[in-house]
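2 protein chains.
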Amino acid sequence: MVSVVNLAVGKELLIGRTVNSNALWIGGRLYRMGTMLDRVLTVTDSLDEISSGLNELLSRRPDFVIVVGGLGPTPDDMTLKGIARGLGVRLRFDEAALRLIKEHLESVGRTFEATPARKKMATLPEGGVPLANQVGTAPGVRLTAGSSVIFCLPGVPREMRDIFSNFAEKEIRDKLGVMHISKVTMKLTGIYEASLAPSIAEAFKMHPEAYIKSHPRGLKGGVPTLELDITVVSKKAAKARATYAELSEFLSRRVADLGGSIASKRESVK
Amino acid sequence: MVSVVNLAVGKELLIGRTVNSNALWIGGRLYRMGTMLDRVLTVTDSLDEISSGLNELLSRRPDFVIVVGGLGPTPDDMTLKGIARGLGVRLRFDEAALRLIKEHLESVGRTFEATPARKKMATLPEGGVPLANQVGTAPGVRLTAGSSVIFCLPGVPREMRDIFSNFAEKEIRDKLGVMHISKVTMKLTGIYEASLAPSIAEAFKMHPEAYIKSHPRGLKGGVPTLELDITVVSKKAAKARATYAELSEFLSRRVADLGGSIASKRESVK
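Residue numbers (the working numbering), protein chains in the order written: chain Y, 16 to 285; chain F, 16 to 285.
So here's chain Y without its partners, still in its complex pose (with noise of 0.2 Å):
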């Protein structure tokens, strides 16, 4: 298993400013791929909050960490800053890093100068590499401490997802290598949550490495009504359709006899 932890930094997603929905796309992909994030840290605007967080971070040896959010302009983006005291290394200027700001701004016709905002998003904790970012200004960067690898991306969500996909995920799938998933969400009515729960704890107990989840959506017109997330991963194909087939038979006989139904079902088996 490859792991991979996420620290959100912005003031913003503290105070009810912004929904982290960097976590939600990261977390998405990652599972997709196969794999999913281990933690979530949120942490203000603050050399602090930024560099003991990362260090907490650190300190469980994860193979991935995703810092997301503080590269702009401002001086409240200081995310660089943060992660170079946290790692105990210097701030230096990257010539790289200001080529590719002048070569984005160029390429959507803006002049370019080297003003103070756009050299402070060209220094780099060092050792740290300037990643390219195809849709905004500030460039992503990658950096490595023990057997980590540290990825810095814009809190802009477009920008993330630019610099995460042509770089970050390329070396997850890497050291992941090929994982085969089958999944499935069904739509259940008639039954409560309390009522099946002892039937996914013996779905656990026949395969503990699968992620079987239940939700609770509420009373409709009366009836008790679910949703029941089923995902097995495995690296062999038929380990995973075969496993993946076994628990959603098994659920969907309880349910059944139970007295639920299966109102619907999106079902991805490969």
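A portion of the hints provided could be inaccurate.
Same chains, same label: a pair holds when it works inside one copy or across any pair of copies.
Unchecked claim - Here are the computed lysine-lysine pairs in the BS3-like style, where the Cα-Cα straight-line distance is at most 27 Å:
1. Lys134 - Lys285
2. Lys96 - Lys250
3. Lys190 - Lys220
4. Lys254 - Lys96
5. Lys134 - Lys228
6. Lys228 - Lys96
7. Lys117 - Lys185
8. Lys117 - Lys235
9. Lys254 - Lys190
10. Lys190 - Lys235
11. Lys251 - Lys280
12. Lys235 - Lys220
13. Lys228 - Lys117
Note that these hints are calculated values from the structure, not bench results. The structure presented is a predicted model; accordingly, all values stated were derived computationally and were not measured.
Since the structure of chain Y is already known, use the hints to place chain F on it.
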């Protein structure tokens, strides 16, 4: 300042299934009260992750820890067991908690039996006090650890909000005292974030306690757009108003000087 942190529990938050709207809601609610979330740590449904996550947050000695998710009847709802492990206390069956479950079920016209799933929801870490859930089955739980108060709330948003509003909010407000908040969100056009950055840095130096943040919103018809937030919180109403007025006038003037304009603003001065 009252410090509040959030431990969010649930694999669905880490695999792209569910966006963490609870953290958004809690952060916004606290911010309107005059404080904020210091951190959000999201972990998966695992005893090790819940207990170590709790202890990492407690090591910072927050006034309040809001734990959200994993109080339901299914086997992957293991938050209370994880919290007990983290605090080094035993779990014990709580008659008062089972009574709350019974009262809730009867209030919605369902019959009550003390099933294993319901007894599980009434099994609390030693020292825990059950909190009535007016809109769902699983009670919340209040605990203390050193000088920190821990509230465990269900992950279903309306249940979380119900218990937060009825129990956690009052206790946080009491600790906080009366706070006064003046704030604005301005929509700016014709100005790049990088151009405004030095002025924001100056404003920060004038009042480091204020929250001043720009959010780039891309080009609209070739013209750059930005949002600018200014928020000032103080125990003294006059101070909040005066600081707010100074910052908002200073930055509005700078926007005009730099050739930008304020397309609209949403202001709240108290």
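Against the structure, the hints:
{"no.": "1", "hint": "Lys134 - Lys285", "result": "neither (48 Å within a copy, 39 Å between copies)"}
{"no.": "2", "hint": "Lys96 - Lys250", "result": "neither (39 Å within a copy, 32 Å between copies)"}
{"no.": "3", "hint": "Lys190 - Lys220", "result": "neither (29 Å within a copy, 45 Å between copies)"}
{"no.": "4", "hint": "Lys254 - Lys96", "result": "neither (46 Å within a copy, 32 Å between copies)"}
{"no.": "5", "hint": "Lys134 - Lys228", "result": "between (48 Å within a copy, 20 Å between copies)"}
{"no.": "6", "hint": "Lys228 - Lys96", "result": "between (40 Å within a copy, 18 Å between copies)"}
{"no.": "7", "hint": "Lys117 - Lys185", "result": "within (25 Å within a copy, 52 Å between copies)"}
{"no.": "8", "hint": "Lys117 - Lys235", "result": "between (56 Å within a copy, 22 Å between copies)"}
{"no.": "9", "hint": "Lys254 - Lys190", "result": "within (21 Å within a copy, 55 Å between copies)"}
{"no.": "10", "hint": "Lys190 - Lys235", "result": "neither (45 Å within a copy, 40 Å between copies)"}
{"no.": "11", "hint": "Lys251 - Lys280", "result": "within (24 Å within a copy, 56 Å between copies)"}
{"no.": "12", "hint": "Lys235 - Lys220", "result": "neither (31 Å within a copy, 55 Å between copies)"}
{"no.": "13", "hint": "Lys228 - Lys117", "result": "between (48 Å within a copy, 25 Å between copies)"}
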